[in-house]
Amino acid sequence: MELVVNGVRRSIASDPERPLLYVLRDELNLTGAKYGCGEGQCGACTVLLDGAPVRSCLTPVKAAQGKAVATIESLEQNGRLHPVQQAFIEEDAMQCGYCTPGMIMSSVALLKKNAHPTEAEIRSGLQGNICRCGTYPRIVEAVRRAALMGGRNA
Amino acid sequence: MPEFEPAGFEPERYELRAQPFYSFEPDRRDFLKLAGGGLVLLLALSPDDARAQESGGPGRRREPATPESIGAWLHVAESGLITVYTGKVEMGQNIRTSLTQAVAEELGAEPERIVLVMGDTGLTPYDFGTVGSMTTPRMAPQLRRVAAATRETLIDLAAEKWKADRSKLAVERGVVRDSATGKTITFGELASGIQLSKTIPADLHLKPAAEWKIAGHDLHKLNGRAIVTGGEMFTSDMKLPGMMYGRVVRPSAFQATLASADTSAASKMRGVVAVRDGEFLGVVCDDSGKLDRAAAAVRAEWETVPQTNSRELYSYLKAKGGEPQWRPAEGDVRLEQSYTVAYIAHTPLEPRAAVAQWEGDKLTVWTGTQRPFGVRSELAKAFGVPEEHVRVLVPATGAAYGGKHTGECATEAARLAKAAGKPVKVQWTREEELTWAYFRPAGVIDVRSAARKDGQITSWQFHNYNSGNAAIRSPYNLPDQVAEFHPVDSPLRQGSYRGLAASANHFARESHMDELAHAVGMEPAAFRLKNATDLRLRAVMEAATERFGWGKSKGGGGKGFGMMAGFDKGGYVSACVELTVTNNSVKIDRIVQAFECGAVVNPDGLKNQIEGATMMGIGGALSEAIEFENGRVLNARLSRYRVPRFSDMPKIDVVLVDRKDLPSAGAGETPIESVAPSVANAIFNATGKRLRAMPLKLA
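Here the protein sequences come in this chain order: U and X. Going by my numbering, the first residue of the first sequence is number 1, and it counts up by one from there. Going by my numbering, the first residue of the second sequence is number 1, and it counts up by one from there.
Take the hints with a grain of salt, since some may be wrong.
To give a feel for the contact side, a few chain U residues facing chain X, derived at Cβ under 10 Å [unchecked claim]:
| hint | residue |
| --- | --- |
| 1 | G32 |
| 2 | E76 |
| 3 | C96 |
| 4 | N129 |
| 5 | P137 |
Hints listed in this document are in silico derivations from the structure and should not be mistaken for laboratory results. The C-beta atom is built at its ideal place from N, Cα and C for all residues, glycine as well.
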């Protein structure tokens, strides 16, 4: 099986039913997406399929075939951070950082659909992502800041 | 004078801190060898810090701390790179940044030039653990001293080199400058071609907080870029050459014993090693995709024993704890109430993980733990090897909150690695994390009190069953105070949790204070101030109520206002809450947290900690409780154990009371303790219903 991950064609040895998360992490060494719950509750494993956010812990790898898979590792380009990444740093929107890749991917997808979300739209757009350290207020501010910076299309 | 004397170190039963048998400190030559030339400064522990290292634990190190015990060490390389070694670990509480600021401040170097090596038993000095909000009050001053001594040594070296008047020399941004000649020399040049090591005394003069230029100011998280790009390497992200993946086959219930096991089917699978060692069962696979199938192929029969359940928990704890000695309480108004708190789980987003590698009888383990030296001891004991053969390193850790003091995952990975003859990674599943880690102790707290009509409290008796004794004594001015902790044999495995029992004790005390205020017919803030003589306690209450606009609107009809005040681990806190109750569901609209922990080191970092503690506190206050029956956790999934989400986020307003004249205290814990009582008091204000059980449920 072949996958296009972060713009690169990769051949995959794993079982087609295996969740995308473990293929990314253990087979392709892309460890930005994290395991948090295995049941789509925490959002730490969020990646984009053709620009739409999915919980990679519940997505069989075969479902990603023929689609563009984008992980957190693809956002920085030529040493330049994506505006959402930059905004997370500027707002210090993290503590332990384990939820951050998933949070950023969900935010990128949200801004792609809605370039200028209200606070309520940010909250509901990220409701499926858990930050156990509780940096929610800062994440909301970071997404707002990224919207002002003008989101780059991921 | 305040009658309330904050204790420096509170012995806390549930601050799990098993002591190592030995602590091997490399001698000074070893440090130079490790560092590879340049300048090395070692800080001798003060007797006070040495005691702190030893306090609180159930046992003590066999060897008494000697004046030569090393608290921290610092290396200036010929390249100018400054490396500081500390046994503390970073778990999101941001001490990598705040400790770097402290070093940068005293050393006169930019934070970007400074690297902290943390929590590596092979390289860093012994440390009892990153616990109890003690990094800032205890470790930061040690690092400041070693940095200050380095600065003075660098100036000495420059004066000698230039044959210059030492009093004209000063440091700035990584160089020594001679103000008489304008000449400069970098730290790296000064460290070149020398092999100098010095042990410095602990009582060196430090810059007062009022003169801080780097510390005391905001600084972005130093590893922020790695985190946002996905490059930050957590234990669960590691991969060693030839590494295999392990999983433990768990008992069917707590206290279950293994009746029989058959590992033959699992062993026959290609690339799978099955392990049975006493009660321990596990599998190792060459591909993580095989883990589920291999674990399921292990056939095991467990013998279980009947155990208590969460519905009967509080009567169980009371029955086991016995009736306390109540004293007669004199006053115009007398009150007796009982409060309860449930077991809750830390639920760090990264479940426990460890990577273990054997080379002969030498073991190296990478794991996210708050006590790398404690875990080293556990491993040495488990495998019968000397501690100097075990090295524990702590990579980035997806948080801990008091929940990663122990090394069970490290031990499991090491056992499986031994069987496989390869490095092995074990990452617990969420279900394992919510079952086989330890919980915040549940508890019952019985309070009897009396007060005069004018609001003066005349009697205060406070009995805590099982939950713990952290902050058990009231910070109010109480002439007749009894506060006792009654340990009980807990039905579930329990241990430290952010704030320890201070959350339970603050909940009971500040709920009861509110009830007493109503009983004497006083406004809750005025009642508290009437009984508070500690000026720092009064100051946070005044700060919180002023920012909140306390008393401007009255609650009722579903809208409620509540407040609290408290003290724990060197920090004073007061919170005011506004909430709305609709169909028995509680939505916190706004919370003001006023916090004072002495001189502030990183204002924005501190705010981040307080906001985070507030969010986490909302879970314990409103939704989190472990349900269990017959040794099984019934809600060990995130879909059934609800932690706070974006929709639970109130407007959080933090007021920092910065006391530059006081030493800095830690802040990771105390602000979590203010949430439940202020919310309970606001629910009463909104509905007239007094809830005395955490989590607070109206229906």
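Hints, verified against the model:
Because the beta carbon of G32/U sits about 2 Å from the nearest beta carbon in chain X, less than 10 Å, this interface hint is met. For E76/U, the suggested interface contact is upheld, since its CB lies about 5 Å from the closest CB of chain X, less than 10 Å. A hinted interface residue such as C96/U counts as satisfied when its beta carbon comes closer than 10 Å to some beta carbon of chain X; here the least separation is about 3 Å, so the hint holds. Evaluation of the N129/U hint against chain X yields a held restraint, the C-beta minimum of about 8 Å falling below 10 Å.
The interface hint given for P137/U is met, as the beta carbon of that residue sits about 6 Å from the closest beta carbon of chain X, less than 10 Å.
Violated hints for the displayed structure: none, as all numbered hints are satisfied.
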